[in-house]
Amino acid sequence: MRQQGRALLIAALLAGLAGPAVARRDKEDAPAAQQGSSAEPENPYPSTYKPYPGRPTAIRGATIFDGEGGRIDNGVVFLSEGKVTAIGGPDTPIPADIAVFDGTGKYVTPGVIDIHSHLGDYPSPGVEANSDGNEATSAVTPHVWAEHSIWPQDAGFSRALANGGVTSLQILPGSANLFGGRSVTLKNVPARTMQGMKFPGAPYGLKMACGENPKRVYGSKGREPSTRMGNMAVNRQTWIKAREYEKKRAAGKDQTRDLGMETLADVLEGKILVHNHCYRADEMANVIDMSKEFGYKVAAFHHAVEAYKIADLLRDNGICAALWGDWYGFKMEAYDGIKENIPLVHRAGACAIVHSDDQDGIQRLNQEAAKALGAGRRMGINISDEVAWTWLAINPARAMGIADQTGSLKVGKMADVVLWNGNPFSTYSRPEKVWIDGALLYDSANPKLRPVVDFELGQIGAGDVK
Amino acid sequence: MFATATPALAQSLVITGATLAIGDGSEPIRNGTVVISAGKVVAAGAGVAVPAGAKTIDAGGKWVTPGIMSGFSRVGLAEVPAVKETNDTSARSPFSAAIDVAPVINPLANPIAISRTAGVTRAVVAPATGTNIFAGQGAVIDLGADMSPITRPRAFQYVEMGEAGVEEAGGSRAAMILTFKMMLTQAQDYAKAPASYDGRSKDALLNRVDAQALVPVVSGAMPLMVHAESARDILAVLALRQDFPALKLILAGATEGWMVAPQIAAARVPVITAGLEDLPSSFEKLAATQSNVGRLVKAGVSVSMGMLTGDDALQLRAATQQAGNMVALLKVPGATGLSWGQALRTITSAPAEAMGLGDRIGSLTPGKAGDVVIWDGDPLEMTSAPVAVWIDGVQQPLENRQTRLRDRYATPTEGALPKAYEW
Numbered sequence: 001m002r003q004q005g006r007a008l009l010i011a012a013l014l015a016g017l018a019g020p021a022v023a024r025r026d027k028e029d030a031p032a033a034q035q036g037s038s039a040e041p042e043n044p045y046p047s048t049y050k051p052y053p054g055r056p057t058a059i060r061g062a063t064i065f066d067g068e069g070g071r072i073d074n075g076v077v078f079l080s081e082g083k084v085t086a087i088g089g090p091d092t093p094i095p096a097d098i099a100v101f102d103g104t105g106k107y108v109t110p111g112v113i114d115i116h117s118h119l120g121d122y123p124s125p126g127v128e129a130n131s132d133g134n135e136a137t138s139a140v141t142p143h144v145w146a147e148h149s150i151w152p153q154d155a156g157f158s159r160a161l162a163n164g165g166v167t168s169l170q171i172l173p174g175s176a177n178l179f180g181g182r183s184v185t186l187k188n189v190p191a192r193t194m195q196g197m198k199f200p201g202a203p204y205g206l207k208m209a210c211g212e213n214p215k216r217v218y219g220s221k222g223r224e225p226s227t228r229m230g231n232m233a234v235n236r237q238t239w240i241k242a243r244e245y246e247k248k249r250a251a252g253k254d255q256t257r258d259l260g261m262e263t264l265a266d267v268l269e270g271k272i273l274v275h276n277h278c279y280r281a282d283e284m285a286n287v288i289d290m291s292k293e294f295g296y297k298v299a300a301f302h303h304a305v306e307a308y309k310i311a312d313l314l315r316d317n318g319i320c321a322a323l324w325g326d327w328y329g330f331k332m333e334a335y336d337g338i339k340e341n342i343p344l345v346h347r348a349g350a351c352a353i354v355h356s357d358d359q360d361g362i363q364r365l366n367q368e369a370a371k372a373l374g375a376g377r378r379m380g381i382n383i384s385d386e387v388a389w390t391w392l393a394i395n396p397a398r399a400m401g402i403a404d405q406t407g408s409l410k411v412g413k414m415a416d417v418v419l420w421n422g423n424p425f426s427t428y429s430r431p432e433k434v435w436i437d438g439a440l441l442y443d444s445a446n447p448k449l450r451p452v453v454d455f456e457l458g459q460i461g462a463g464d465v466k
Numbered sequence: 001m002f003a004t005a006t007p008a009l010a011q012s013l014v015i016t017g018a019t020l021a022i023g024d025g026s027e028p029i030r031n032g033t034v035v036i037s038a039g040k041v042v043a044a045g046a047g048v049a050v051p052a053g054a055k056t057i058d059a060g061g062k063w064v065t066p067g068i069m070s071g072f073s074r075v076g077l078a079e080v081p082a083v084k085e086t087n088d089t090s091a092r093s094p095f096s097a098a099i100d101v102a103p104v105i106n107p108l109a110n111p112i113a114i115s116r117t118a119g120v121t122r123a124v125v126a127p128a129t130g131t132n133i134f135a136g137q138g139a140v141i142d143l144g145a146d147m148s149p150i151t152r153p154r155a156f157q158y159v160e161m162g163e164a165g166v167e168e169a170g171g172s173r174a175a176m177i178l179t180f181k182m183m184l185t186q187a188q189d190y191a192k193a194p195a196s197y198d199g200r201s202k203d204a205l206l207n208r209v210d211a212q213a214l215v216p217v218v219s220g221a222m223p224l225m226v227h228a229e230s231a232r233d234i235l236a237v238l239a240l241r242q243d244f245p246a247l248k249l250i251l252a253g254a255t256e257g258w259m260v261a262p263q264i265a266a267a268r269v270p271v272i273t274a275g276l277e278d279l280p281s282s283f284e285k286l287a288a289t290q291s292n293v294g295r296l297v298k299a300g301v302s303v304s305m306g307m308l309t310g311d312d313a314l315q316l317r318a319a320t321q322q323a324g325n326m327v328a329l330l331k332v333p334g335a336t337g338l339s340w341g342q343a344l345r346t347i348t349s350a351p352a353e354a355m356g357l358g359d360r361i362g363s364l365t366p367g368k369a370g371d372v373v374i375w376d377g378d379p380l381e382m383t384s385a386p387v388a389v390w391i392d393g394v395q396q397p398l399e400n401r402q403t404r405l406r407d408r409y410a411t412p413t414e415g416a417l418p419k420a421y422e423w
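Just so you know, the protein sequences line up as chains A and B, in that order. Quick note, the first sequence lines up with residues 1 to 466 if you use the numbering used here. Quick note, the second sequence lines up with residues 1 to 423 if you use the numbering used here.
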């Protein structure tokens, strides 16, 4: 949860992440791979996602949060050909022959974006046979790609759509490792393959983890790292290798392809965004120094329960904090969690994001944001509803490098839209309809517009309202 | 710092001008009055006479409810669950059913203070299994800032009879059911002739102290809280009464309870559930839906909610979110939700009644404990919070280490001295 009253400032801070420097690895017309034995294919697992058919649609009369901090009362949103075509007040012109929904008393927002999910790599049912989130065999596994674990038949995707209004999400490998591997960003549509969900043009992320998890998992096996200083030492040694690899690659010199080093070299070149699981303020400061030592940038600290202690540091370094509404205390590095974390980060001028890391939490990110919003207001941090919605929309989009395509209701952006049946910060509100790229993929009033994944089909409870 | 102080004495208290919810399932009323005296509710409702001379608080239209009661938790048994030195929820111990949480609840645990600040005044506290399907005896506690947390010790025995119980019983449901029956049979043996009970040979499933602990369970003197999720496991649990007719059952979990709601209702067994489960997260929860609670209530089952999906030592405050989401379902076509008053009941009077304490706690009806909360908004909204909390008529502190951290870091930069000097 975080905020975003300072959209311009944050945009400036994040420009290096979301701008044209980010590689569009899914473009079919990408330049040919460079020559030499270290040459790598540009895009070996390309997205096959195609927007589903929609029809020109307008929602009229609703309160609109545009996702960048703007609010329109009695507004109009017009979607056509998969894009937001127009947005404005009641007089916004719309064609006569299109589907028009009355949003009176309701709310329209851009689709919720979860920057931290394990749907698909820790799917339901959570049996050992499906447990594909942590390659917990070495603390350094930048060579694994989360997308190769994803089971598209995880019913969690459909619940996140129907109850949470989630339209895009980043799937990360787990946090057992210092270098956990590559993330993948998905559009939240049912599909037979991972590629059918893959967000076109989204940059990859690299999952890293601080603190207790790596040292516990490997320390308990009598291997390095077993301490926080071990964590940092292994990180730094790995970055040294990555620098060498990247240097050779950039110079076109021969070297055997190394999948892990390819990922890290891409990080050093700014093509892959670092998503660093890190709870404690002091550890985040260590990571910031390390990123400067090796010349890379952290896009976001995830789970940063102590972000509020160093909100100024995050702001000054242009790093987002992806946070829970009220999780605390389940382990030592979460002991100082407070409900005001998000508003405090927001108020300091840093970029705050609400994230779930949870198959249930992802269904209620709006309510997690509400917890933080209320707590902030009680301590005198008066953030409006529309500004708070940036925590769920443009801020995660920026940290994921997809803000030019989604994350707000702006003309020309993907028509990823939720019509809520009440104020979305109320516990009593749920998505009524959800469009992804202009296609109506959830309608609470239509049981046939409720996805039933293969795993559920023919099982008890299939097709039930969930 | 608060909890070590001498407990404050319960004073007479009158709250007027409340948007008042009684907690018994009825809907909130405007301009209600609550009268507390000697730690108990004297009257609550509209048109209640205000006694002369009592301390009176004008709620100014704010919401007033009974304190929230968590129907299931492990609060006070763990400070930081992942730090084993602080975690007393389960044990690899020679003992099982005889284990009793009451003497070891830590009223100074920070999660108790944090939950109290969120309006949670009572909680069911269960142990977790360690050596066999029986976990031991749970308690009902209050979350007051004093050193006397126990409302009712040994309030129930807790047993795992779903996938977790299968694992404890060696790997099959058939073995689990047989284990349960043989253990209760041995408890009956113990009850008949304690002195000659064989608690030491290899044939003994229960040592003497555990056998003794199960005697009140077999006789129905102590409720048996059974954790089972799937429809088939629930029916198997209800069928246990064929062999042990006196069993006083409470179902915990019951994610698929809606599928066998008529049977649960006919058996008059209360259910304590999580409310928001809607994923086939395990094979015992394939039919999970958030409409479970609404459908059970509609079938006539008494339903409470609690932390059955994890974070049971920490997040008791999620009760209001669980309840609020049941209300949200009223607006979802095809779903079965609860009215606001019914939803509040699942986290106040229903858990109290499930524990056999309906005459003492859980609602603002005359004679009940003076557990009262004034909220700054609708208590089932996540933007709301308590502004005042009383337990047994004693006003509670609403500070905790989280509020202290919040205040210290209201601005992150350091002043003339480091942050460590700001306290």
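In short, the hints are calculated from the structure, not lab data. Because the structure is a prediction, the values reported are computed rather than measured. Worth double-checking, as some hints may not be accurate.
What the hints assert, rightly or not - Result set (BS3-like, lysine-lysine): computed pairs, CA atoms no more than 25 Å apart in a straight line:
id, chain 1, residue 1, chain 2, residue 2
1, B, 181, A, 448
2, A, 331, B, 84
3, B, 248, B, 181
So, going through the hints one by one against the coordinates:
1. B:181 with A:448: The hint is violated at about 46 Å.
2. A:331 with B:84: Measuring from Cα to Cα gives roughly 10 Å; hence the hint holds.
3. B:248 with B:181: Roughly 15 Å between the alpha carbons, so the hint for residue 248 (chain B) and residue 181 (chain B) holds.
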